[in-house]
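Given next are the chains, with one letter for each unit.
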Amino acid sequence: MKIGVFVCHCGSNIEGTVDTAAVAAAAREFPGVAFATDTMYTCSEPGQEEIVNAIKEHQLDGVVVASCTPRMHEQTFRRTVERAGLNRYLFEMANIREHVSWIGKDREANTNKATDLVRMAASKLLHNRPLLSKQFDINKRVLIIGGGVAGIQAALDCAEGGLEVVLVEKTTTIGGKMAKLDKTFPTVDCSCCILGPRMVDVAQHPNITLYAYSEIEEVSGYVGNFDVKVKKKATYVDWDKCTGCGICMTKCPSKKATDYFNEGIGKTTAINIPFPQAIPKKAKIDADFCMKLQKGKCGICAKVCPSGCIDFTQQDEFVTEKVGAIVAATGFDLFDWTVYGEYGGGRYPDVITSLQYERMLSASGPTGGHIKRPSDGKEPKNVVFIQCVGSRDKSVGRPYCTGFCCMYTAKQAILTKDHLPESQTYVFYMDIRATGKNYDEFTRRAMEEYNAKYIRGRVSMIYPKGDSLLVRGADTLMGTQVEVDADLVVLAVGAEAAAGAAGLAEKLRISYDSYGFYMEGHPKLKPVETNTAGVYLAGSCQGPKDIPSSVAQGSAAASKVLGLFSKDKLASDPQVSVVDIKRCIGCGKCMKTCPFGAIKEIDFRGMKKAEVIETVCQGCGICTSTCPQGAAQLQHFTDNQILSEVNALCQF
Amino acid sequence: MPVLKGKELRIVGFLCNWCSYGGADTAGVGRFNQPTDLRIIRVPCSGRIDPLFIMKTLMNGADGVLVSGCHPRDCHYAEGNFYARRRLEVLHRFLPILGFEPGRFEYTWVSASEGQRWQQVVTRFTEQIHKLGPAPKIAGPEASATLRQMEAVL
Chain U
1 MKIGVFVCHC GSNIEGTVDT AAVAAAAREF PGVAFATDTM YTCSEPGQEE IVNAIKEHQL
61 DGVVVASCTP RMHEQTFRRT VERAGLNRYL FEMANIREHV SWIGKDREAN TNKATDLVRM
121 AASKLLHNRP LLSKQFDINK RVLIIGGGVA GIQAALDCAE GGLEVVLVEK TTTIGGKMAK
181 LDKTFPTVDC SCCILGPRMV DVAQHPNITL YAYSEIEEVS GYVGNFDVKV KKKATYVDWD
241 KCTGCGICMT KCPSKKATDY FNEGIGKTTA INIPFPQAIP KKAKIDADFC MKLQKGKCGI
301 CAKVCPSGCI DFTQQDEFVT EKVGAIVAAT GFDLFDWTVY GEYGGGRYPD VITSLQYERM
361 LSASGPTGGH IKRPSDGKEP KNVVFIQCVG SRDKSVGRPY CTGFCCMYTA KQAILTKDHL
421 PESQTYVFYM DIRATGKNYD EFTRRAMEEY NAKYIRGRVS MIYPKGDSLL VRGADTLMGT
481 QVEVDADLVV LAVGAEAAAG AAGLAEKLRI SYDSYGFYME GHPKLKPVET NTAGVYLAGS
541 CQGPKDIPSS VAQGSAAASK VLGLFSKDKL ASDPQVSVVD IKRCIGCGKC MKTCPFGAIK
601 EIDFRGMKKA EVIETVCQGC GICTSTCPQG AAQLQHFTDN QILSEVNALC QF
Chain G
653 MPVLKGKELR IVGFLCNWCS YGGADTAGVG RFNQPTDLRI IRVPCSGRID PLFIMKTLMN
713 GADGVLVSGC HPRDCHYAEG NFYARRRLEV LHRFLPILGF EPGRFEYTWV SASEGQRWQQ
773 VVTRFTEQIH KLGPAPKIAG PEASATLRQM EAVL
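If you read the sequences in order, they're chains U and G. Taken in order, the first sequence gives residues 1 to 652; the numbers are from this note's numbering. Taken in order, the second sequence gives residues 653 to 806; the numbers are from this note's numbering.
Be aware that one or more of the hints could be misleading.
Unchecked claim - Footprint (simulated), chain U over chain G, 3 or more residues, beta carbon under 8 Å:
(1) 662–670
(2) 680–687
(3) 707–720
(4) 727–738
(5) 757–767
(6) 779–785
Derived from the structure by calculation, the hints contain no laboratory data. We put the CB at the ideal spot given by N, CA and C, even for glycine.
If we strip away everything but chain U, and leave its shape as in the complex, we get:
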């Protein structure tokens, strides 16, 4: 083999701490290397041309590029060598940026290490073989998990693009967090008036199948051909018959059920429809509070229901859907603020969360849009907002900024003044982060037009004083202590990964960060892809986001899915396992260990043998390290290839 080695300067990123010319010079002595040079920016157009020209000029049949991580540019250079007529797998990369030049400043050690990495790559390349991909059929249906605003947007965009969409929502209605909001910043537009019609579109779109009150049980398969098992949880109501009339709610005697939609402000009935605009508008029985299900007597709802849809014997049901792509849009949950003892830890009824306050402001909420203290139902006069509750606080494991709390607090301060003109609002803040279109102007309006008093500092303690609360904190701009008599305290709780996000990630085989937010393929260039082909992200499951960003990402995910499905067949990755039939003894261990069922038993002249189904194999190589005969070999990562890297390193 005639190998060409290209050592990239990456401007000064690599050249700053690695002597690339020395690396290239050393590489010329490696077995098989016919040409080696250092280049300024290998990934640039002239850089790639240099590779193409060198392949032609020196009749190279293998290329090593020593530059950044292969996770960044392997695809780029594979295309380059392909342009010059080489097979794309006759290419190797040495990562001398992320793994060398960026993690140390010792030029001698770095140059030495970079040379080693090039030697490893070149010696692996000597064992590389050309690989060709196969075409396989795809199922042009898409599964969207989560019916919040991001999921709704992705579902509608995909459906409008002509795809069949399966939308799975955990609760009984789509709409997500946005449906709970009264108004949205920075326009103070009515949240449900914007979202409501979109929800109706989902219900009416002929291409969308909606599974509400359902969860993902199991996902198998791969890009283009996923099998998804959906669990339809028992609602004890036959939704095919339920008309959403709500008579059951008026007659249900169990009126102490937790009102999840209203964030626990007020109570609801055991059988209920969460809110008037719910999609689907169907009733569900909360089994924990239903007298019939708990004690066996009652059944009033079944008597009054005009369509006879109550079914106390209903069980969870499972359906399997075949899809080609999956969009995770599972959103976020609110931080549990009760860990803050200084805010009362949940002991004071008049300390509430921002989302509870939002429900109170909403005309469809439990108070009918009137701001009332939960303790005595009186209108508050002084309302104190505390920001960064569970944001930017290392002590509770939430060092990140949620990003939208500054804005919704300003909005709530404005709405408070609208609802109660005599009221006075105070906002304890750390910094105002209003970095969107018209955002900063909006927070200014809250201060200047609506006279919200912004105090820069943290609250150290809230304690009861008479029938109000004394809020004590610091004003760090004035350098003084401040005390405010508050009738109501609203905590701007931050966002955290949704409960169950990790469990779903395991089913989807995608990664999540230390906070539980799903990892995008690349923080800059692949914001909606994941590292699992065919699985995309939308909305706050990837990180806290406000509504415009969630909608944008929903559309972006949809466009990725539409792009994927623009082809009738997909090319399989040829880095798959292959069984050498002469070595195979038919022990069947590989079949047992394969996580994808990609190895089948075949009969070869009366002998039992294993065979890999190429389009199903995902290329993990578990079979290769299981096979006692070395018969199963993962292409591009064979035993010989890996050991040649070991030998390149450990010969001195």
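Given the coordinates of chain U, work out where chain G should sit on it, guided by the hints.
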């Protein structure tokens, strides 16, 4: 290249592509400084790592071997790291029987977002290997015969 005398020892890493290799990249992007001894071999999954790779690496004269994969339950291939965990745990206990100090081999889990954790893992493991010093080399006139014998055992 030979190891830098007095400065470095030969440490080989086997990292899965999806989590730990990405974590090492994240550490690089974040400029988390690390000792330069480690050379990383990329494999698709920790489940691809045959314990024999580690044995051959140690027999060929490496002073330390570090394996890192996705956290259990977060494997890109669903269950590859479970296989890795079982195999590597057995190997770890088996090392003294073959005459290798168990401290020269370690396996750990680092996700693609854990750049800082990767820095800590590399720094700590490198220090550990430096404390153990260079591994005794199989040398002398009998060396090749000994190596052949060991290979036969494996």
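Violations among the numbered hints, reported as their numbers in ascending order = 6
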